[in-house]
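Once you have looked at the hints, place chain B on chain A.
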Amino acid sequence: MSQALFSAGGIHAVPVPMPAFAGIARAAESRETPELSPSQIHVSQASFFYGAKQALFDISLDIPANLVTAFIGPSGCGKSTLLRAFNRLNDTIPGARLHGRVEIDGVNIYSPSTDVVDLRRRVGMVFQKSNPFPKSIFENVAYGIRVNGLASSRADLHGRVEESLKSAALWDEVKDRLRESALSLSGGQQQRLCIARALAVRPEILLMDEPASALDPIATQRIEDLIYQLKTDYTIVIVTHNMQQAARVSDYTAFFWLGRLIEHERTERIFTAPGEKLTEDYVTGRFG
Amino acid sequence: MEKREPVRHFQEELGQLKARILAMGGLAEDRVQSAVDGLVSRDPVRLDGVLKGDEPINQLHVEIDGLAFRLLALHQPMASDLRVIVAALKINSDLERVGDMAVNIAEAAHRYLALPPVKPLLDLPRMAEIAQTMLRDALDAFVKRDVDLAQSVLVRDDLLDNYKTQIFRELLTYMLQDPTTIEAGLELILISRHLERIGDHATNIAEDIIFVVSAKDVRHAQNLEP
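For the protein sequence lines, the chains are A and B, in the order given.
Be aware that the first sequence starts at 42, since it is given in the numbering used here, and climbs by one per residue.
Be aware that the second sequence starts at 11, since it is given in the numbering used here, and climbs by one per residue.
Keep in mind that a hint or two might mislead.
[Said to hold, decoys possible] Label pairs and their in silico Cβ distance ranges:
no., chain 1, residue 1, chain 2, residue 2, range
1, B, 32, A, 326, 52 to 62 Å
2, B, 89, A, 93, 46 to 56 Å
3, B, 32, A, 176, 47 to 57 Å
[Said to hold, decoys possible] Just so you have them, the derived chain A footprint on chain B, three or more residues with Cβ under 8 Å:
no., stretch
4, 41-50
5, 73-83
Hint data in this document are derived by calculation from the structure and do not stem from the laboratory.
Nothing here was measured: the structure is a model prediction, and the numbers come from that model.
Glycine included, C-beta positions come from ideal geometry on N, C-alpha and C.
The shape of chain A in the complex, shown without the other chains (with noise of 0.2 Å):
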């Protein structure tokens, strides 16, 4: 886990802009359009295998830069699976091996020239289950920072962390204990953490598996009003099972089924007017 939100510093690759997704360039046209912004991860062909089991088949997309994108679809369908391709966290996993071509800011990172530990700061992650070290408060926000050098000076070192934990909306709940630990925290502070420990080192991408799956209401209406703050600064790619939650806090949706990417469009259309039978039966819950 910690491997990948943290490692050692590298060279940021320079963006290049990438062709524009057809849903994108449809959605041009509609008056609720959010800023036209290029891609940033782009996906061609990728098809991938756990062994022999295919998981993924022939996947092509693009998920343009600050907006938020939501994975949509029922289990089993492949959508964590692409999630984790982003930052090669399945790289981990035996037998595993991806056809095809993830580029992120027009760089193959699949490339054997990858730094993958960087990939892995510059894309970071935050899982359903809140996962903080069993440390203080501070030293989980400022792990990453040290381990990747990113601090000149303890004052710089301080005013990252607070950083962080003011972008992750937790600053003013913590701030006179940060030296408490981690544990002590509710199931929503804890993950609020962990996206202030993902932000800590600057990422590019921040991508999200089911992060709000076990919070109460409250709790996730926290991590959702989060998501539409964090957008300005960084794109969100959100692998989520609750259909109502990809409706509210994202901007395109990319509908999965069985390995097969179905329809990847404008949110507001994949909710109110799906081109596709099978995302329609999704949505309105008449699937199976």
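Chain B alone, transformed into the frame defined by chain A:
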């Protein structure tokens, strides 16, 4: 990075929806005013403005429906939020109809101005004043969530109905006495009918607002009360 206040995406869009409803209400009210002013001051240019200027209201009509549709689909609103959005959809239709009524009044007024006047116009401007105030108060009640103000709109609807009947009877006597006044008289009767309809739409809006604020459905209830 400065800490930002939590932003409620949904609340922002809901605020936008309400603001668009008010903008549309303002437009509808202006157009009724222009149509009646054009009639009273015998100003065909003013009437032409009403006949040609329906587009902004039509655009808002579509935009508001789209906003409400989007909020319902993406946010699954509950309780008072749900009531506001459903009411906004209905108020939107009522306001669009008020805009159409303004056009109808301007058309009838145009035809009326081409004929010799039947009589000085006294009751019609009064009727128009009442209908417009009802509309304005209904929208004020929407902004202020004011049930009493909305209730006062419902009461005034009877006043408009009475004026309409009175105008009809008065014009009937003119028309019986002098058949050459029939054409002009009918146009004025039509206009009074349109103004009465505007009052009905204001009443619908007021009823929706009472539902939004108190969750009580007061439609068709007046006759049932002791």
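Status of each hint after checking the structure:
1. For residue 32/B and residue 326/A, the Cβ-Cβ distance of about 36 Å falls outside the hinted range of 52 to 62 Å, so the restraint is violated.
2. Under the hint 46 to 56 Å, the C-beta atoms of residue 89/B and residue 93/A, about 52 Å apart, fit the expected range.
3. At about 53 Å, the CB distance of residue 32/B to residue 176/A agrees with the hint of 47 to 57 Å.
4. Counting residues of the stretch 41-50 of chain B whose beta carbon lies closer than 8 Å to any beta carbon of chain A gives 0, which falls short of the minimum of three for the stated coverage.
5. Proximity of the stretch 73-83 of chain B to chain A, defined as three or more residues with a beta carbon under 8 Å from a beta carbon of that chain, is established by the 5 residues found.
Of the numbered hints given earlier, the model fails hints 1, 4; all others are met.
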